[in-house]
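Given chain A, work out where chain B should sit, using these hints.
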Amino acid sequence: MKITEKEVEYVAKLARLYVSDEEKEKLTKDMSAIIEFADTLSKIDTDGVAPAAHAIPVQNVFREDVVKDSYKRDDILKNAPEKEAGCFSVPKVVE
Amino acid sequence: MSIEKLTALEIAAKIKNKEISATEVAKHMVSQAVKTKEETGAYITVTEDVAIEQAKAVDEKIANGADLGPLAGVPFAIKDNICTKDILTTCGSKMLYNFEPPYDAFVTKRLADSGCVLIGKTNMDEFAMGSSNETSYFGEVKNPHNHDCVPGGSSGGSAAAVAANGAYFTLGSDTGGSIRLPASFCGVTGIKPTYGMVSRFGLVAFASSLDQIGPIAKDAADCAAVMNIISAYDNMDSTCLDIERPDYMKSLENNIKGLKIAVPKEYFNGADEDVKTAINASLKQLEEMGAIVEEVSLPVTDYALAAYYIISSAEASSNLARYDGVKYGYRAENFDNLSDMYFKTRCEGFGDEVKRRIMLGTYALSSGYYDAYYKKAQQVRSLIKDAFTNIFAKYDVIASPVYPTVAFKRGEKTSDPVKMYTGDICTVSANIAGIPGISVPCGFGKDNMPIGLQLMANAFKEDVLLKTAFAYQQVTDFHKGI
Chain A
29 MKITEKEVEY VAKLARLYVS DEEKEKLTKD MSAIIEFADT LSKIDTDGVA PAAHAIPVQN
89 VFREDVVKDS YKRDDILKNA PEKEAGCFSV PKVVE
Chain B
129 MSIEKLTALE IAAKIKNKEI SATEVAKHMV SQAVKTKEET GAYITVTEDV AIEQAKAVDE
189 KIANGADLGP LAGVPFAIKD NICTKDILTT CGSKMLYNFE PPYDAFVTKR LADSGCVLIG
249 KTNMDEFAMG SSNETSYFGE VKNPHNHDCV PGGSSGGSAA AVAANGAYFT LGSDTGGSIR
309 LPASFCGVTG IKPTYGMVSR FGLVAFASSL DQIGPIAKDA ADCAAVMNII SAYDNMDSTC
369 LDIERPDYMK SLENNIKGLK IAVPKEYFNG ADEDVKTAIN ASLKQLEEMG AIVEEVSLPV
429 TDYALAAYYI ISSAEASSNL ARYDGVKYGY RAENFDNLSD MYFKTRCEGF GDEVKRRIML
489 GTYALSSGYY DAYYKKAQQV RSLIKDAFTN IFAKYDVIAS PVYPTVAFKR GEKTSDPVKM
549 YTGDICTVSA NIAGIPGISV PCGFGKDNMP IGLQLMANAF KEDVLLKTAF AYQQVTDFHK
609 GI
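Listed in order, the protein sequences are those of chains A and B.
Residues 29 to 123, numbered by our numbering, are exactly what the first sequence covers, in order.
Residues 129 to 610, numbered by our numbering, are exactly what the second sequence covers, in order.
Bound conformation, chain A alone (with noise of 0.2 Å):
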């Protein structure tokens, strides 16, 4: 199936991406080849057969609920890009 550029730019959108025009074109052309390529799924019978989200199922696993140290704060926040008073700082959400 082809993909369509406003449909690239549909994605990019959702995907958090800003994509130029030349990015743009290049990106149509190299998603079309690989979904094409992708859609000799269509021609696999699938019918009835139950989706596998994991090779070795493994379910439910927890740990008992005890306290425990975790990481310093100072040691989480060293590689902020940028903190302030022990938080990380982003620009204003809400205007």
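Keep in mind that the hints were calculated from the coordinates and are not lab data.
None of these values were measured; they are calculated from a predicted model.
No false leads were mixed into what you were given.
Distance windows between CB atoms, simulated:
1. A:F65 to B:D177: 43 to 53 Å
2. B:D214 to A:K54: 30 to 40 Å
3. B:K537 to A:I104: 42 to 52 Å
4. B:I610 to A:K57: 32 to 42 Å
5. A:G114 to B:I610: 43 to 53 Å
For every residue, glycine included, the Cβ atom is placed at its ideal position computed from N, Cα and C.
Structure of chain B alone, referenced to chain A:
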């Protein structure tokens, strides 16, 4: 013989017998790593200070009579998507160009506790997406056998470092062949364990249902020694299996009489003649050693690649949503508001291949296409799993090429993503089915480039793979290296 050419177990024995100190070995291997970095780009970071400090601690313990594990004092390197506390962990991406994790991955800690000496972090395709190690923000990696060729990806730096004698062993990660492919292209041995055998805690996620950490080393015995250290239960990874693990070193018996090997003919479709010749010769060798080799058919193989690229991209688009410039890593410099910051950060921080996969995965998961692609791929996953179960009801091992060709030239496939993706035909199924696979050097093809034999076994049967590879390496020299 220069000490860098020894295997991990050999140098460990010399350190244990006090023929040479761990510190001397560390110093020598740090200089080897620096050389490897300059010549092939296999390293992103060389950790000299950490190496010397860790090696000194090992020497002290040995002097005090402590019996450290079988790999104590052995210098090794870790792929740059596995967390090392306070040591740069970039994933080969501008997005994490300055990221120093506040914690160690489970495997990092296990190896440190076993006295292994960290000498550096290895280069990789950006976020482990690639088959050629040409997408790293920190530059591409060259194949030590021929600098014009790619080392394979995505753990290209990990394989090239071992092949160039720039580390005794390394850790890689394998989502669709990322350990086995570079091991094959670089003429070294690499194993992808069963999904859930090695904790993924501290492995930067690409496709969580497929990712698995494993060793790359000079031979199967070294891989077994590393597996004994890293394969253990960890309650920090809910998919890590709480089961008994065998002693892999004890599985290394030189006897494969009666081993039943299935050879799926679909894995040879499109393979080059030199690859077919080498694989067939290795099968004949295994037969002479007492294995029973039979051709089988696995028709579902034709759908594995499409299923793989849908599943892995869908999971990647979700996993990589976390890179927004807020808590760590790259943040765009100029932006108008919060939304603009997200868009610009992601746009400037990710490379083209990563963006392409995020886009593909977002598309496959988007409303209207979910059933046709993602759900369909998950159903095909069930069929692939069933097909393997049927084969393993009758056979111990599946043998095939790792890749249809020897290492290709750098730049040869970068312009055509589908061409790049289709090469992964032989490796992706093991990840989809969660089973273990190993790449064993089995010959040389065009331009004298290495060829790898892939062996796959049923889930939890790493011991069978290591035993088979070990026995094969007792009678062959293809793994002896540069």
